Amino acid sequence: MQMKKVKIDSDRCKGCQLCINVCPKGCLKLSNTVNAAGFQYAIYENESKCTSCGFCFLVCPDVAIEVSRKAKPRVEE
Amino acid sequence: MKKIYFKTESLKNTIFSYCPGCGHGIIHRLVAESIDELNIRETTIGIAPVGCAVFAYDYWNFDVTEAPHGRPPAVATGIKRCCPDKIVFTYQGDGDLAAIGTAEIVHAANRGENITVFFINNANYGMTGGQMAPTTVLGQKTTTTPFGRNSSRDGYPLKICELLSSLEGVCYLERVSVTSPKNVLAAKRAIKKAFQNQILKKGFSLVEILSQCPTDWGKTPMDSIKWIDEVLSKTFPLGVYKECAKK
Ligand SMILES: Cc1ncc(C[n+]2csc(CCOP(=O)(O)OP(=O)(O)O)c2C)c(N)n1
Ligand code: SF4
Ligand code: SF4
Ligand code: SF4
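Protein chains in written order, with this note's numbering: chain B, 1 to 77; chain F, 1001 to 1247.
Bound-form chain B, shown alone (with noise of 0.2 Å):
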């Protein structure tokens, strides 16, 4: 099971969408559906690209995200 970087927690978003604007690399976007409170959903997309520079925790007005980094010393791709 692959950990991901970033972690949205889809039932406290609230689809501000502000994490999505401050997003240097592209990484999040809206979903097409919604949550069970009616709240389009912030999406996370590209891993590839995310530097875990953790903007997109900092922005979050309802603390939906969670940011992980890989581990130092152990390189693995």
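Please keep in mind that the hints were generated in silico from the structure rather than gathered at the bench. Treat the hints with caution; some may be incorrect.
[Unchecked claim] Cut-off 30 Å, straight-line C-alpha distance, at most; resulting in silico cross-link-like pairs (DSS-like, lysine-lysine):
no.	chain 1	residue 1	chain 2	residue 2
1	B	LYS49	F	LYS1003
2	F	LYS1201	F	LYS1182
3	B	LYS29	F	LYS1226
4	F	LYS1192	B	LYS72
5	B	LYS49	B	LYS70
[As the list claims (entries may be wrong)] Computed far set for chain F versus chain B, every beta-carbon distance over 12 Å:
no.	residue
6	GLU1037
7	ARG1041
8	GLY1078
9	PRO1084
10	MET1127
11	LYS1141
12	PHE1147
13	TYR1156
14	GLU1162
15	SER1166
16	LYS1193
17	LEU1200
[Claimed, not checked] What follows is a list of derived Cβ distance ranges for each label pair:
no.	chain 1	residue 1	chain 2	residue 2	range
18	F	GLY1078	B	LYS7	38 to 44 Å
19	B	LYS7	F	ASP1223	25 to 31 Å
20	B	LYS25	F	GLY1155	45 to 51 Å
21	F	GLU1230	B	ASN46	26 to 32 Å
22	B	VAL34	F	VAL1231	28 to 34 Å
23	F	ASP1036	B	VAL34	28 to 34 Å
24	F	ALA1186	B	GLU45	27 to 33 Å
25	F	LYS1219	B	SER52	27 to 33 Å
26	B	VAL34	F	MET1001	28 to 34 Å
27	B	PRO24	F	GLU1066	36 to 42 Å
28	B	GLU45	F	PHE1006	18 to 24 Å
29	B	ASN21	F	VAL1231	16 to 22 Å
30	B	LEU30	F	SER1166	46 to 52 Å
31	F	LYS1219	B	LYS7	28 to 34 Å
For clarity, every value in this text was computed on a predicted model and none was experimentally measured. We treat Cβ as the ideally placed atom computed from N, Cα and C, and that holds for glycine.
Once you have looked at the hints, place chain F with the ligands on chain B.
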């Protein structure tokens, strides 16, 4: 993989009731992270206001009481004086702090109470539907200034940091915003410092945070942060307004 950004312990899992894009959520997170990084969760007592943040105790995982209508600085004074070992902070909007409770904040600051105040300036009364607040900027349309705030009829924006900076009892005043990753990190540093000052018994600290209210401003979240950068922060410039000498 190592988690580097995640929801901190001092936040419960409860989903915020705030509107999409609202600045309150970011500021709640920064307060919670600062408390966890300073390891003061067990000794902290927060005081929630009237306004959209009235349910802050549902989101924070530490002791929080409620003192509506601008009275949090008075309640904080009582708690801090009875329990000087507790870390006591208030979290107040601009309707709460700068209108309804102006007397309480000015006198708590002037007495130099060793408390921490987070002042959320979103330039209107959010919860009640976007009426003019003392912090509404000139020309800004609100439900009670439908043609824009007019100084001859409505007076001028009240600048709390500037106003309090003349008081001898005050230790630390800074105005920040949460419109970009850089500004969010600066806001976090200010919030943490305001707690540290209290731990070091340096006295009264207030951080004013310019915060987006997309719903009542009638703007998208993106246009709201742009409006803070381009308009609101011109009337309310970011920066340190007072810092007491290092002990
Ligand atoms: C004595 C009294 N006056 C007025 C109100 C209505 N009221 C509820 S919240 C609020 C102000 C909220 O504005 P602000 O402090 O700016 O917080 P925000 O909702 O914008 O975060 C007011 C006036 C009230 N509940 N009680
Ligand atoms: S961590 Fe940075 S690069 Fe990756 S999705 Fe978030 S903002 Fe984009
Ligand atoms: S910033 Fe947060 S709430 Fe807004 S769209 Fe992104 S994940 Fe959702
Ligand atoms: S009304 Fe404004 S301040 Fe209140 S939750 Fe909505 S966006 Fe936030």
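Legend entry - Unmet hints by their number, sorted upward, for this structure: Structure breaks no hint.
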